[in-house]
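Novice: Line order of the protein sequences matches chains A and B. Numbering-wise, the first sequence is residues 1 to 360 according to this note's numbering. Numbering-wise, the second sequence is residues 1 to 360 according to this note's numbering.
Don't read these hints as lab results, they were simulated from the structure. It should be emphasised that the depicted structure is a prediction, and the values quoted were computed from it without experimental measurement. Be a bit skeptical, because a hint or two may be false.
Said to hold, decoys possible - Distance condition first, Cα-Cα at most 20 Å in a straight line; then the derived DMTMM-like pairs of lysine to aspartate or glutamate: (1) B:Lys-195 - B:Glu-162; (2) A:Lys-237 - A:Glu-109; (3) B:Lys-305 - A:Glu-322; (4) B:Lys-305 - A:Asp-349; (5) A:Lys-187 - A:Glu-264; (6) A:Lys-237 - A:Glu-111; (7) A:Lys-305 - A:Asp-323; (8) B:Lys-237 - B:Glu-350; (9) A:Lys-187 - A:Asp-280; (10) B:Lys-305 - B:Glu-291; (11) B:Lys-187 - B:Glu-322; (12) B:Lys-187 - B:Glu-264; (13) A:Lys-187 - A:Asp-349; (14) A:Lys-305 - B:Asp-343; (15) B:Lys-187 - B:Asp-339; (16) B:Lys-305 - B:Asp-280; (17) B:Lys-187 - B:Glu-162; (18) A:Lys-305 - B:Glu-162; (19) B:Lys-305 - A:Glu-350; (20) B:Lys-237 - B:Glu-133; (21) B:Lys-305 - B:Asp-339; (22) A:Lys-305 - B:Asp-280; (23) A:Lys-305 - A:Asp-280; (24) B:Lys-305 - A:Asp-343; (25) A:Lys-195 - A:Glu-218; (26) B:Lys-305 - A:Glu-109; (27) B:Lys-305 - B:Glu-322; (28) A:Lys-187 - A:Glu-148; (29) A:Lys-237 - A:Glu-93; (30) A:Lys-305 - B:Glu-350; (31) A:Lys-305 - B:Glu-322; (32) B:Lys-305 - A:Asp-339; (33) A:Lys-187 - A:Asp-343; (34) A:Lys-305 - B:Glu-264.
There are 2 protein chains.
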Amino acid sequence: MGRVSVPRPPRSADRWAVVMAGGSGTRFWPRSRRLLPKQLLPVLGSRSLLQETVERLRGLVPPSQILIVTHQDHASAVRRQLPTLPRRNILSEPIARNTAPCLALAALEIERRAPGATFVSVPADHAIADAREFRATLLEALAWAAAEPVAVTIGIRPAAPETGYGYIQLGSRLAGRTARVRAFVEKPNAARARKFVSSGTYLWNSGMFAWRTATILELLDRLLPQVTQPLRAALAKPARARPRALERAYGRIPSISIDYGVLEHARDVLVVAGDFGWSDVGSWAALAALEVAGSRGHVVPVDAKGAVVFGNGRLVAVVGVEDVIVVDTPDAILVCHRDRAQDVRQVVDELTRRGLASYL
Amino acid sequence: MGRVSVPRPPRSADRWAVVMAGGSGTRFWPRSRRLLPKQLLPVLGSRSLLQETVERLRGLVPPSQILIVTHQDHASAVRRQLPTLPRRNILSEPIARNTAPCLALAALEIERRAPGATFVSVPADHAIADAREFRATLLEALAWAAAEPVAVTIGIRPAAPETGYGYIQLGSRLAGRTARVRAFVEKPNAARARKFVSSGTYLWNSGMFAWRTATILELLDRLLPQVTQPLRAALAKPARARPRALERAYGRIPSISIDYGVLEHARDVLVVAGDFGWSDVGSWAALAALEVAGSRGHVVPVDAKGAVVFGNGRLVAVVGVEDVIVVDTPDAILVCHRDRAQDVRQVVDELTRRGLASYL
Chain A
1 MGRVSVPRPP RSADRWAVVM AGGSGTRFWP RSRRLLPKQL LPVLGSRSLL QETVERLRGL
61 VPPSQILIVT HQDHASAVRR QLPTLPRRNI LSEPIARNTA PCLALAALEI ERRAPGATFV
121 SVPADHAIAD AREFRATLLE ALAWAAAEPV AVTIGIRPAA PETGYGYIQL GSRLAGRTAR
181 VRAFVEKPNA ARARKFVSSG TYLWNSGMFA WRTATILELL DRLLPQVTQP LRAALAKPAR
241 ARPRALERAY GRIPSISIDY GVLEHARDVL VVAGDFGWSD VGSWAALAAL EVAGSRGHVV
301 PVDAKGAVVF GNGRLVAVVG VEDVIVVDTP DAILVCHRDR AQDVRQVVDE LTRRGLASYL
Chain B
1 MGRVSVPRPP RSADRWAVVM AGGSGTRFWP RSRRLLPKQL LPVLGSRSLL QETVERLRGL
61 VPPSQILIVT HQDHASAVRR QLPTLPRRNI LSEPIARNTA PCLALAALEI ERRAPGATFV
121 SVPADHAIAD AREFRATLLE ALAWAAAEPV AVTIGIRPAA PETGYGYIQL GSRLAGRTAR
181 VRAFVEKPNA ARARKFVSSG TYLWNSGMFA WRTATILELL DRLLPQVTQP LRAALAKPAR
241 ARPRALERAY GRIPSISIDY GVLEHARDVL VVAGDFGWSD VGSWAALAAL EVAGSRGHVV
301 PVDAKGAVVF GNGRLVAVVG VEDVIVVDTP DAILVCHRDR AQDVRQVVDE LTRRGLASYL
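Extracted from the complex, chain A is given alone in its bound form (with noise of 0.2 Å):
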């Protein structure tokens, strides 16, 4: 693969996109519950992650060509947040089991309506300032997966050296936006992390990819049978018995991301890289940072800085206390440390553990 210029993308009616929309989101307590996980809340606004994502996408991909893969809990919720879906786009997981399964069968599902089809497949929950910039990279990114039997990342120029995202090595540039992947490397720490953004040769692993349904499943088949095996024979029954046959094979298959499963051992990747102002908004303090006018209600700050608060229509007063985000909720409040917004998940596990359903 020699090419000097950035392949044609596929024709409209070949373009797929993939929404994983099975995040649990507790790292957005209380905002989140079991019921309401981050990717179905407004969070950036008056519509959901989910729906901004899905909104983003049209241009791309014909609205028909759009999948979600959600789990069964949340699919009733995603069918009333995305109305004009056709039902049979919203795909639902009995049980979530990371990345890898959820492609597997999207990707099943796409070849079987469509075969010799090109898809995208990006997180339903995060956040996009310059959604025309981001669908030019995610064409591009079709183009090349079209174009070659490749897996194609997409990955993310580093705005600082972040501790929390994995990184893309890169290799030989191409053509465009467009390089070979020479590594895929784990959470740095901070030294490292610093090393990566100076040298200019690493991009944040964005988790959305580009790739012709037959490229992916070869990759799973091989990589992955024990995911990919039990799917298909799930899916080759009678429309009837296919529900209970699912929740088997997830019963059995591995719970294992794509990035680990596959990407990491597969020959040949490429990378696009992506300038379109992106966040995985991972936790208040990543929406903290974003500014976003979250809250509801007035804010009566005193000697309190780097304060942030995600009112609920009552008013909130911080005094004497710096770098804290506020949560209200019509049943709980948070008031948590910047720089603990991870340590929410523990909030919730202490409910678990103390049976406080109500409040999950």
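The hints should help you fit chain B onto chain A, whose structure is shown.
Specialist: Here is chain B on its own, set in the frame of chain A:
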């Protein structure tokens, strides 16, 4: 005056008590509001501080001889909280003018009803652990006040080098818990406060006093005629005309404390040392220190040493923030560092500035 034993207390018919309930209690925002100041709040349990104060005085003074002085805006709430108290025992001030006018008004009323009486005056918003010892101390103060034409103050054995209280330097000991006052000392700095406490010859000034009505009125007429003259004139008016007359009088008289205006200038003052677990409950931090079960609803702390929650039924989770006080109410939430509890007043100022009257 060279007694070697505590004089006999006045007979119960001659004992009166004045409860000073004029506070506006902005320091307990958001629980305390303009129409619901601290003394009317169930700060320590199911009953308000005022109700507990009156309850404490029963057994020392006949209920018919307990007067409450409050701001006219709070008079009806006071009546509701003290249904068994004769209505005429609730005196309302048209304008808050600190403790000297408050006690002058009460003394003139007692003089009118019961010439020759002796009374104790106590703030409505203090916490007292040992009511029995409290009554014994006040009875001793009543005894000295009835026997001698002097002001008797209640001093508190200091539990810590507080810089938020005025101190009383002890003079020659008389008998029982009682000594002469050598000097009243303004709020000291930390170093002096430590000296005071270690010396063992200083007490906290509790703002509680005992005196014969004739004694305090003589002191007031001599030292603060600008307070007593307008009041005497107003009260001399026929009942119908009295409210307007009082309003005009209060418009003219200065705002001044009994400590600053009278006691610091009185020649002869006695002090009875009290040791009954006293707190002026001056702020949320002071209340937190009392470790009262002021909270309704679940609390989930994660690395939140020293955090105190005054809940309101909602669950409150605190993550990675130490020494924080969280106060929940139906329409407002306060998040405040324990060392900054005094600055809750600034929130009230800001709300006033912004014209957010509904939160005041």
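Novice: When the hints from earlier in the document are held up against this structure, which numbers fail?
Specialist: 8, 11, 13, 16, 18, 20, 22, 23, 25, 26, 28, 34
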